[in-house]
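**Student:** Next come the chains, spelled out residue by residue.
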Amino acid sequence: MASVRIPPVLRPSVGGEREVEASGSNIGEVLQSLVTSFPATKDQIFGADGALNRYVNVYLNDEDVRVLDGLETSVGDGDHVVILPAMAGGS
Amino acid sequence: MEGSVQDTGTSGAKSAAEFAADVKSRIREIGPGEVHEGLPEGTVVVDVREDGEWATGNVPGAVHIPRSYLEMRIENVAPDRSTPVVLYCAAGLRSLYAAKTLIEDLGYQDVASMTGGITLWKDAGLPVEVKKTLTTEQADRYSRHLLLNEVGLEGQQKLLDAKVLLLGAGGLGSPTALYLAAAGVGTLGIIDGDTVDRSNLQRQIIHTEDRLGELKVDSAEVAINALNPDVKVVKYPYRIGSENIMDILPEYDIVVDGLDNFPTRYLLNDASVRLKIPVVSASILGFEGQLSVFSPYEGPCYRCLFPVPPPPELAPSCGANGVLGVLPGTMGLLQATEVVKLILEKGDPLIGRLLLYDALATSFTELKIGRDPECPICSRDPDSITQDEMGVFPDYDAFCSGGH
Ligand SMILES: [Zn+2]
Numbered sequence: 001m002a003s004v005r006i007p008p009v010l011r012p013s014v015g016g017e018r019e020v021e022a023s024g025s026n027i028g029e030v031l032q033s034l035v036t037s038f039p040a041t042k043d044q045i046f047g048a049d050g051a052l053n054r055y056v057n058v059y060l061n062d063e064d065v066r067v068l069d070g071l072e073t074s075v076g077d078g079d080h081v082v083i084l085p086a087m088a089g090g091s
Numbered sequence: 001m002e003g004s005v006q007d008t009g010t011s012g013a014k015s016a017a018e019f020a021a022d023v024k025s026r027i028r029e030i031g032p033g034e035v036h037e038g039l040p041e042g043t044v045v046v047d048v049r050e051d052g053e054w055a056t057g058n059v060p061g062a063v064h065i066p067r068s069y070l071e072m073r074i075e076n077v078a079p080d081r082s083t084p085v086v087l088y089c090a091a092g093l094r095s096l097y098a099a100k101t102l103i104e105d106l107g108y109q110d111v112a113s114m115t116g117g118i119t120l121w122k123d124a125g126l127p128v129e130v131k132k133t134l135t136t137e138q139a140d141r142y143s144r145h146l147l148l149n150e151v152g153l154e155g156q157q158k159l160l161d162a163k164v165l166l167l168g169a170g171g172l173g174s175p176t177a178l179y180l181a182a183a184g185v186g187t188l189g190i191i192d193g194d195t196v197d198r199s200n201l202q203r204q205i206i207h208t209e210d211r212l213g214e215l216k217v218d219s220a221e222v223a224i225n226a227l228n229p230d231v232k233v234v235k236y237p238y239r240i241g242s243e244n245i246m247d248i249l250p251e252y253d254i255v256v257d258g259l260d261n262f263p264t265r266y267l268l269n270d271a272s273v274r275l276k277i278p279v280v281s282a283s284i285l286g287f288e289g290q291l292s293v294f295s296p297y298e299g300p301c302y303r304c305l306f307p308v309p310p311p312p313e314l315a316p317s318c319g320a321n322g323v324l325g326v327l328p329g330t331m332g333l334l335q336a337t338e339v340v341k342l343i344l345e346k347g348d349p350l351i352g353r354l355l356l357y358d359a360l361a362t363s364f365t366e367l368k369i370g371r372d373p374e375c376p377i378c379s380r381d382p383d384s385i386t387q388d389e390m391g392v393f394p395d396y397d398a399f400c401s402g403g404h
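Protein sequences appear in the order of chains A and B.
Counting from 1, position 35 in the first sequence corresponds to residue 35 in the numbering used here; the numbering is continuous, with no gaps.
Counting from 1, position 98 in the second sequence corresponds to residue 98 in the numbering used here; the numbering is continuous, with no gaps.
Any given hint might turn out to be false.
To be verified - Straight-line distance between alpha carbons at most 16 Å, and here's what the computed EDC-like set of lysine to aspartate or glutamate pairs gives:
{"id": "1", "chain 1": "B", "residue 1": "368", "chain 2": "A", "residue 2": "63"}
{"id": "2", "chain 1": "B", "residue 1": "100", "chain 2": "B", "residue 2": "29"}
{"id": "3", "chain 1": "B", "residue 1": "341", "chain 2": "B", "residue 2": "253"}
{"id": "4", "chain 1": "B", "residue 1": "368", "chain 2": "A", "residue 2": "62"}
{"id": "5", "chain 1": "B", "residue 1": "163", "chain 2": "B", "residue 2": "253"}
{"id": "6", "chain 1": "B", "residue 1": "131", "chain 2": "B", "residue 2": "51"}
Derived from the structure by calculation, the hints contain no laboratory data.
All chains should be built: construct the whole structure from the sequences, respecting the hints.
**Tutor:** As structure tokens, this is what we get:
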């Protein structure tokens, strides 16, 4: 199981949790298991083609999965996955 | 003669004028012209005037040792007694006495006094160097900076010379502006077209109840001037946009991004890459903040991190959102800290790193962000970035219209 950090904009879709546990041996599986548990997150994370939305960054621990193996990036027990959309609030 | 002072035998004593004439006859004097062009290699020129006089300008290359400290400090600049030394003061008399001291009391072998001092030097039309020095008030105001090796006089001067542009005098801009002003950042530009509303005061601490309804740039200027009169505030009472950004940005060394909407953040990114101006960027929502420093061509840009903005339903900047009042304080002061580090060129700036702050969890998370070799902006030569494409997204028209 990996822990997945949920950004503020997705929290309403996961019952308000800041962090949830999700299983899977790679990033794609972990995110799929998140989407299965919380279907409202699906369109916010994945595009129609099943790829990650370009406006959502996903990190394994502190590395962007795009510079690792993308959705194929292996995830081990205790790893931290961070979902990060851009924020623009300043005032 | 009771109680009177007897003549104690001062037959050897001289009047001040006699003393001066006597010293003058024994000390070598050289004219400003010779000091300007005829000094042997290695000659040390010492200005023996007081601090306030030195501040008005000096012979270029001279070192400053006030007359009263001469015996204590001369060895710092001329450790060897055979070093040629030329002394000067305002009009040529104090330097004559100072030369006498160096020769007769300290054993310097090659000492001269400059005739007529800096006054004659200036009258001869010779160049004067005005060293930037702190006023007495500034030395007091910034004394805790001056005690730090990483700041000191040189660093404080850099701060006073720095020009920082704040995009917004709102949640992030308020604390950033106040602390940068307190630190002595000499020029603060502020762009904001809004007026002060009561709902701002929960977090926008540069504004006050009695300035409700005033332009935020005016209100911010009042607060900044009250805190530190050294700071020059340049006000831009309108929103930044493609029509004005290229006129404003080039005037500044660093931009602080506290913008409340995506279109302007992308516009700012593209313009700052084009102009190679670093941007200290933060954003806030609810209990969370993000922070990074985008230094063009040194690290990633905003588009490397977020190639496209989220659709409006996932872009909560479109409309009023809750934010913990303290949060922009925390994030704004992290921004101010990065700005000061960039000005001082000290420490490791937050370039290529994104810092997430979760106030509810009291946790900081740091993520690595790299340059995108295919970035539509910073993978290119800056001169090839045209004004027409700044802030623009082909195939993307879903921006909300500048909500905040
Ligand atoms: Zn880039």
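**Student:** Each hint: holds or not?
**Tutor:** Each hint tested on the structure:
1. 368(B) / 63(A): holds, 6 Å
2. 100(B) / 29(B): holds, 12 Å
3. 341(B) / 253(B): Answer holds: residue 341(B) to residue 253(B) is near 13 Å, not above 16 Å.
4. 368(B) / 62(A): holds, 6 Å
5. 163(B) / 253(B): Holds - the C-alpha atoms of residue 253(B) and residue 163(B) are around 5 Å apart, at most 16 Å.
6. 131(B) / 51(B): holds, 11 Å
Violation of the numbered hints given earlier is absent; every hint is satisfied by the structure.
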